[in-house]
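Protein chains: 4
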Amino acid sequence: MNLWGGRFSGKLDPQAWALNASLGFDQRLSFQDVRGSIAWAQALEKAGVLSSAECTQICDGLNRIRAEFESQAFIFQESDEDIHTAVERRLGELIGPAAGKLHTGRSRNDQVATDLRLWLMEAIQGLEAVLIELQSALVARAESDLNLLMPGYTHLQRAQPILLGHWWLSHFWPLQRDRERLHQVGAHAASLPLGSGALAGTAFPVDRQALTVSLGFSEPSPNSLDAVSDRDFVAEFLFWAALTGLHLSRLAEDVILFSSAEFGFFELSEAFSTGSSLMPQKKNPDVFELARGKAGSLLGYLTGLMATLKGLPSSYDKDLQEDKLPVFNACDTLMGLLPVLAGAVRGMSLHPERMRAAIEPGMLATDLADSLVQKGLPFRQAHNVAGQAVKLAAKLGKPLDALSLQEFQTLDPLIDSNVYMVFDPLQSIARRNVIGGTAPEAVRIQLQSAKSKLYK
Amino acid sequence: MNLWGGRFSGKLDPQAWALNASLGFDQRLSFQDVRGSIAWAQALEKAGVLSSAECTQICDGLNRIRAEFESQAFIFQESDEDIHTAVERRLGELIGPAAGKLHTGRSRNDQVATDLRLWLMEAIQGLEAVLIELQSALVARAESDLNLLMPGYTHLQRAQPILLGHWWLSHFWPLQRDRERLHQVGAHAASLPLGSGALAGTAFPVDRQALTVSLGFSEPSPNSLDAVSDRDFVAEFLFWAALTGLHLSRLAEDVILFSSAEFGFFELSEAFSTGSSLMPQKKNPDVFELARGKAGSLLGYLTGLMATLKGLPSSYDKDLQEDKLPVFNACDTLMGLLPVLAGAVRGMSLHPERMRAAIEPGMLATDLADSLVQKGLPFRQAHNVAGQAVKLAAKLGKPLDALSLQEFQTLDPLIDSNVYMVFDPLQSIARRNVIGGTAPEAVRIQLQSAKSKLYK
Amino acid sequence: MNLWGGRFSGKLDPQAWALNASLGFDQRLSFQDVRGSIAWAQALEKAGVLSSAECTQICDGLNRIRAEFESQAFIFQESDEDIHTAVERRLGELIGPAAGKLHTGRSRNDQVATDLRLWLMEAIQGLEAVLIELQSALVARAESDLNLLMPGYTHLQRAQPILLGHWWLSHFWPLQRDRERLHQVGAHAASLPLGSGALAGTAFPVDRQALTVSLGFSEPSPNSLDAVSDRDFVAEFLFWAALTGLHLSRLAEDVILFSSAEFGFFELSEAFSTGSSLMPQKKNPDVFELARGKAGSLLGYLTGLMATLKGLPSSYDKDLQEDKLPVFNACDTLMGLLPVLAGAVRGMSLHPERMRAAIEPGMLATDLADSLVQKGLPFRQAHNVAGQAVKLAAKLGKPLDALSLQEFQTLDPLIDSNVYMVFDPLQSIARRNVIGGTAPEAVRIQLQSAKSKLYK
Amino acid sequence: MNLWGGRFSGKLDPQAWALNASLGFDQRLSFQDVRGSIAWAQALEKAGVLSSAECTQICDGLNRIRAEFESQAFIFQESDEDIHTAVERRLGELIGPAAGKLHTGRSRNDQVATDLRLWLMEAIQGLEAVLIELQSALVARAESDLNLLMPGYTHLQRAQPILLGHWWLSHFWPLQRDRERLHQVGAHAASLPLGSGALAGTAFPVDRQALTVSLGFSEPSPNSLDAVSDRDFVAEFLFWAALTGLHLSRLAEDVILFSSAEFGFFELSEAFSTGSSLMPQKKNPDVFELARGKAGSLLGYLTGLMATLKGLPSSYDKDLQEDKLPVFNACDTLMGLLPVLAGAVRGMSLHPERMRAAIEPGMLATDLADSLVQKGLPFRQAHNVAGQAVKLAAKLGKPLDALSLQEFQTLDPLIDSNVYMVFDPLQSIARRNVIGGTAPEAVRIQLQSAKSKLYK
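Chains as they are written, first to last, in our numbering: chain R, 1 to 456; chain X, 1 to 456; chain B, 1 to 456; chain F, 1 to 456.
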């Protein structure tokens with residue numbers, strides 16, 4: 001069955017049918033389609049298009065269809081072009097010709113946009129939950145590992161000592177921004193297209209404001225032409241997913257590095273590692289590699305959809321049918337990834353001694369320069385002196401803190417015997433006691449702030 | 001000059017220098033760099049790192065540098081690695097060794113992130129202005145052309161009659177969403193990295209909250225590691241630009257179509273058209289084609305930046321230097337396009353008679369079906385009857401409204417002589433009087449709503 | 001079952017298992033996996049690792065598995081991590097412990113790369129066939145429609161008259177380039193990774209050259225580290241698919257335009273059109289819109305895969321598992337699209353009178369200028385004169401060829417009464433008789449050339 | 001000056017002019033434009049359109065213009081819309097009205113496509129040279145470092161011992177594929193559009209075959225409509241650049257890792273490292289980070305261009321003007337990167353003792369399993385035994401090769417005292433003596449093969 005046979009004499013070519021049919025993927029919208037149709041039937045009743053009895057009959061039928069979806073008893077037929085057709089076809093089987101009244105004043109153009117928005121608004125709930133799951137794992141680790149020392153890196157070169165708690169939290173905040181953006185995506189999705197008809201608005205006096213409320217949207221779309229072609233919410237969602245993916249790829253890259261034998265800071269639990277079919281000793285960070293790799297795929301969904309939208313004329317074009325798969329795929333990707341990463345984060349064991357051992361004296365060269373600043377030397381000069389100390393130590397083949405006082409003083413006479421105190425990483429960390437800094441006190445405040453985001 | 005020579009014995013390879021140097025593009029951050037540095041000097045003074053005299057000296061020097069930028073008297077040197085180096089180098093020339101105190105407790109990592117955020121926050125003002133310029137042009141056209149009839153399309157096939165005012169406004173709302181998103185991009189950019197040092201937070205007791213206020217940001221970044229690597233604001237901006245580009249490409253596609261000889265609805269003014277070097281008769285819609293084409297380039301900026309970010313370890317990596325050019329390019333693209341499109345929209349002349357003539361009776365087939373619905377026929381059947389009428393008319397080689405009553409009645413006896421009234425497009429349009437519909441009353445309300453967005 | 005349990009005490013977390021398992025999609029490699037395994041078993045026998053009896057036993061088992069795949073009797077188990085595991089597990093069930101000898105000296109890293117290359121090499125055959133199907137349809141149309149006149153466009157503005165046969169062929173040649181590129185993709189895929197082990201090469205004296213021949217590859221991969229991570233062939237294939245998609249989108253855009261009421265050149269057959277659930281009169285070019293839309297999705301597959309590859313360290317990383325779905329999806333997309341487009345092209349009917357009528361005299365302005373060139377006027381001046389004639393005709397509200405001789409001569413006295421001959425579009429077309437030009441003779445030669453490509 | 005004023009009364013809006021003008025970037029085509037114009041003038045002469053004297057006059061003028069470009073004496077004017085206009089304008093200044101004859105039968109549509117193809121064909125020479133420069137550096141390193149031992153990785157976990165020479169060569173082969181692809185890009189670019197006119201072919205009897213030869217192309221384009229819109233060569237080039245970028249990003253990622261303190265295998269020379277403005281000790285691998293980061297930008301150029309092409313109607317559209325900047329940018333990026341990477345590779349120093357020390361006994365677990373295979377155990381069982389040995393050693397807190405014979409035999413009685421011989425990494429490497437394997441002999445053969453590619 002299709003919904004548009006009247007003017008046609010022939011049938012669609014079978015391969016063209018297969019290309020055109022969207023039931024294979026849009027059946028994921030089944031509950032939303034039923035829900036939207038019930039609301040539409042009620043709106044038609046209020047508009048005087050359906051009698052009260054007809055409305056009841058239709059809604060009863062739709063509720064039975066919903067029950068069939070729930071119990072997986074609904075039988076799709078090969079001839080169902082899409083989910084809308086399947087539901088209307090089944091409704092006809094259940095309640096007879098009155099089913100034919102449901103589509104009055106409605107088009108699949110406004111219907112499918114409504115369904116997909118509804119679906120996304122629901123999916124966002126689930127996505128926020130798994131985001132919070134990973135955030136919670138990070139916060140829990142930050143709390144338990146707060147005071148462990150580790151090297152901080154820039155350019156993947158050892159830079160300055162930091163607290164492990166600070167590092168864990170550095171992966172919390174991007175996800176917090178993702179949550180905030182997710183709310184905005186949800187808010188933007190909540191503009192109701194239903195009532196826009198095919199493109200020009202419905203010709204029946206439907207109360208679109210009431211419809212908006214009944215379906216949980218925030219406002220009716222302001223322009224029917226725009227409403228049937230607007231896929232901003234799809235692009236926004238896919239951008240959100242791709243950016244979240246980038247954050248996960250960053251966490252993943254760090255964990256993969258820190259779990260290597262060379263860094264040796266982290267050890268993944270066996271529940272979140274896999275082995276090799278050839279090499280018996282291997283324990284691989286597959287789940288983090290998949291997170292990193294899937295960041296690429298998520299970017300592909302965004303790019304593909306936006307390229308599809310580019311250059312389309314306004315109003316509905318069939319090209320827009322390409323909007324669904326990337327949404328479903330992006331959602332599934334993150335729903336699959338986030339809980340696993342949360343589990344892996346929670347299950348990781350640490351080698352604090354290796355982290356501590358990786359803090360070499362050269363990482364305190366900034367502190368050495370800062371100590372000269374305290375003595376009045378302009379920082380630029382102090383930086384130069386400290387740089388020369390690094391060079392001298394390298395030349396002499398010893399750590400920076402093993403230079404003798406005399407050696408130090410050849411570089412700048414301001415240096416005195418207190419110089420050796422700058423090489424205490426705990427002191428270095430404690431000095432960075434500003435908002436967002438790595439000092440224990442600052443990290444504790446940061447942790448409280450993170451927790452407050454979590455539990456609201 | 002570079003800012004990091006101390007530990008190095010040799011010099012950078014000249015080709016490596018050229019690859020590494022960013023002055024060629026980051027000099028666009030010159031004012032922001034000076035502004036950020038003045039705020040930093042004042043923060044250092046409050047923190048007791050600079051004396052009041054030193055701070056004054058530094059700020060005076062920086063103000064002179066700003067004046068040099070303003071008067072384009074500032075002379076960059078080949079040896080300036082980047083804008084930060086150029087400013088500090090020049091400051092040294094102007095005020096001597098005290099210049100070396102400015103960089104105390106600061107890194108280029110937090111500095112450049114601050115500069116770019118500041119730049120973007122300012123650029124957003126300009127971008128909103130040009131967005132409004134195009135919105136205003138669309139609103140003005142909607143107002144003056146409100147009641148002109150034209151065919152509405154789906155699948156680029158004639159679908160239903162609409163008002164031209166409705167069509168103009170259908171391009172207003174996407175831009176309104178763009179404006180709202182632009183505000184959010186701006187709000188997200190306003191998290192201050194300064195004070196995060198290289199990665200671990202500054203070691204001097206700087207009041208980051210005060211710094212936040214003084215630079216016009218909304219909050220200090222909560223985690224220093226995150227702060228130096230966070231480029232979410234760049235990705236968000238580039239996504240914003242790419243999505244705005246898609247909206248312009250849609251407007252462009254419509255205008256290119258409507259300005260073709262075959263549609264013949266619009267005629268571009270000569271001030272916004274170009275000719276051919278070979279074909280003397282040509283008048284081409286180049287500016288709209290460029291808008292459509294640049295939508296692709298804008299998507300490229302987004303994709304490129306996000307691919308660059310993918311898989312980076314946390315904290316600062318030099319890869320992040322790739323963030324600036326796409327931001328500048330995307331901004332320039334839209335600053336160049338939007339005013340031109342606004343001018344072209346305002347300058348367009350119309351052929352209302354061609355628009356009206358393109359409304360053929362078949363476009364009222366939905367109204368025909370709806371009239372049968374009014375008589376009690378379920379819509380699905382009514383749709384079928386109307387479809388058969390279309391087929392019959394095609395077979396007989398005449399317009400739909402030229403079918404005789406008898407011919408109509410062979411299809412459904414419910415049809416009576418009132419049927420011919422459904423073919424009045426004005427009536428059809430007037431029936432679509434719901435929120436967002438194309439009825440004149442609804443469009444007038446929509447126009448008021450659009451105006452209210454514009455002037456707030 | 002998995003292939004790597006020995007060193008592990010615990011079990012993989014169930015969600016991590018689900019994330020990690022690839023059987024859901026890599027089972028499409030089942031035949032290739034069996035084929036590769038048979039070749040490997042034979043290579044192991046030649047290397048003295050398997051006895052002749054063991055090899056026979058293993059190959060018999062693998063052949064039974066292939067038969068099970070063919071008859072769809074193979075039962076996958078939830079615990080099968082991937083297709084390789086499923087095959088080895090089943091082999092064990094069929095032939096007992098000897099199955100455990102198959103994986104000697106092999107890793108899933110070289111195995112999966114081999115499987116995917118094999119799959120692609122086979123898929124390319126099918127893709128070339130459907131490319132040829134569309135090319136054939138275009139050639140058939142070019143032949144039957146060769147001499148029909150139509151307007152040619154640039155900037156979607158009427159430019160110069162052309163032959164419809166020329167236009168059809170303009171969509172043939174991009175596909176011919178696609179075919180040539182497809183051969184190159186196939187040739188590049190034919191580098192055999194098998195024998196590279198996990199990363200370092202197999203430790204058994206396998207004759208990789210013989211293996212190359214037996215599996216139909218052209219050369220063994222030259223470096224084992226490179227071989228297990230090289231996904232150039234995937235990127236090349238996805239680029240090929242995306243570029244082919246762009247060509248289809250161009251054809252689609254043209255057909256959508258030419259099938260609009262405003263152009264009215266083409267009419268799609270009902271077998272390749274669809275209707276509207278709301279508007280009874282609609283006949284929409286959905287299959288062409290889907291072609292245009294899917295061009296975006298194909299670009300997304302390419303971008304996603306390349307972003308996944310970016311920044312990976314060398315040798316095998318699990319991220320590479322993301323390589324399969326885009327390959328399968330891109331292949332399916334084009335296998336679905338191309339035959340439908342071929343059918344739609346063959347089934348299209350034409351309105352030659354509308355095409356002819358759309359050639360307006362202004363389109364001959366270049367010919368007017370050229371006629372002045374023949375009289376010795378430099379082209380730049382002649383272009384100017386013709387441009388002024390266009391302006392004059394527009395001012396007087398008449399077609400260019402309705403200017404009186406006197407009017408023409410006010411613009412340039414060189415113009416004589418022969419001027420009216422330039423307005424014959426057939427003459428204009430005939431003048432463009434160079435290689436690749438639109439003159440009938442040139443198009444006939446072009447058609448012969450196209451045919452010769454087709455049937456080789 | 002522009003080339004199309006005749007039919008226009010007014011002037012282009014200044015902002016529209018700025019948007020439309022392409023001189024800012026297409027002046028890079030100046031030499032190609034002159035070269036193409038000289039060939040065109042000669043073709044016009046042969047076609048009888050220009051007299052011999054006119055042709056000489058025009059060619060002399062063009063040669064003077066080329067000389068002005070060479071000496072940078074050419075003065076562009078603000079009113080030059082593009083490079084073609086600038087050249088024709090200057091030609092007029094130099095030789096008078098005869099200049100107006102040059103554009104006879106030619107359009108900027110075929111002209112600019114010819115110019116860009118010519119430019120690219122020349123740029124490819126330079127790109128191959130710098131590719132070879134990096135390949136040569138890799139080969140030189142492979143030769144000098146051939147026999148050094150290092151750990152090979154998969155999943156960034158230590159996997160099996162390999163030779164450093166093998167690793168260097170693993171980065172050679174991708175570049176070799178890039179070179180081969182670059183030749184194909186060049187070959188595909190060599191289809192000559194000139195003579196296609198605006199879209200329909202030139203109306204003058206130009207010998208396009210001769211023109212093809214004279215400009216160094218391989219064939220005239222077969223269809224004029226296709227010729228003016230075909231940007232396959234641009235997409236192919238940008239794909240080539242993006243894929244080459246991915247290979248550089250892989251090399252870069254490896255080098256960044258191996259240069260970290262934790263790996264400590266490589267040390268960058270100071271000539272190819274940079275420091276920190278804050279941290280005096282830092283020596284950062286900026287050039288490799290830039291290579292990795294620019295891989296993202298290169299992908300952006302490809303995506304942007306392909307998105308621009310998507311959905312365009314056939315023949316020339318102004319959108320195509322967006323093709324040039326990505327080509328120039330991609331070329332400049334790689335011309336800048338490759339020599340620097342070559343220098344950095346050559347200048348790197350090594351820590352062979354750290355590489356050797358990173359080979360831990362567990363990496364020989366595959367060899368342990370293989371030794372059991374030699375004794376007749378199926379590999380799958382042998383893998384399990386070896387895996388249990390790894391587990392046992394971990395439990396006992398000792399290296400795998402420190403298990404006592406008794407301990408080994410609890411796992412499998414087949415193990416005898418020869419077991420300790422499998423832990424010699426040199427033996428392990430030597431066993432991988434297949435084509436492409438890491439055995440010294442195989443790597444030497446590989447090196448010869450690589451060299452033979454280099455010097456041909």
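One or more hints might be untrue.
Identical chains blur together in the list; that is why a pair holds if it fits in one copy or across any two.
[What the hints assert, rightly or not] Cross-link-like lysine-lysine pairs, in silico, DSBU-like; alpha carbons within 30 angstroms at most:
{"#": "1", "residue 1": "Lys324", "residue 2": "Lys11"}
{"#": "2", "residue 1": "Lys451", "residue 2": "Lys391"}
{"#": "3", "residue 1": "Lys375", "residue 2": "Lys324"}
{"#": "4", "residue 1": "Lys11", "residue 2": "Lys398"}
{"#": "5", "residue 1": "Lys375", "residue 2": "Lys395"}
{"#": "6", "residue 1": "Lys398", "residue 2": "Lys375"}
Honestly, the hints are just simulated from the structure, not real lab data.
Find the hints from earlier in the document that the structure breaks and name them by number, from lowest to highest. Hints 2, 3 are the ones this structure does not satisfy, whereas the remaining hints hold.
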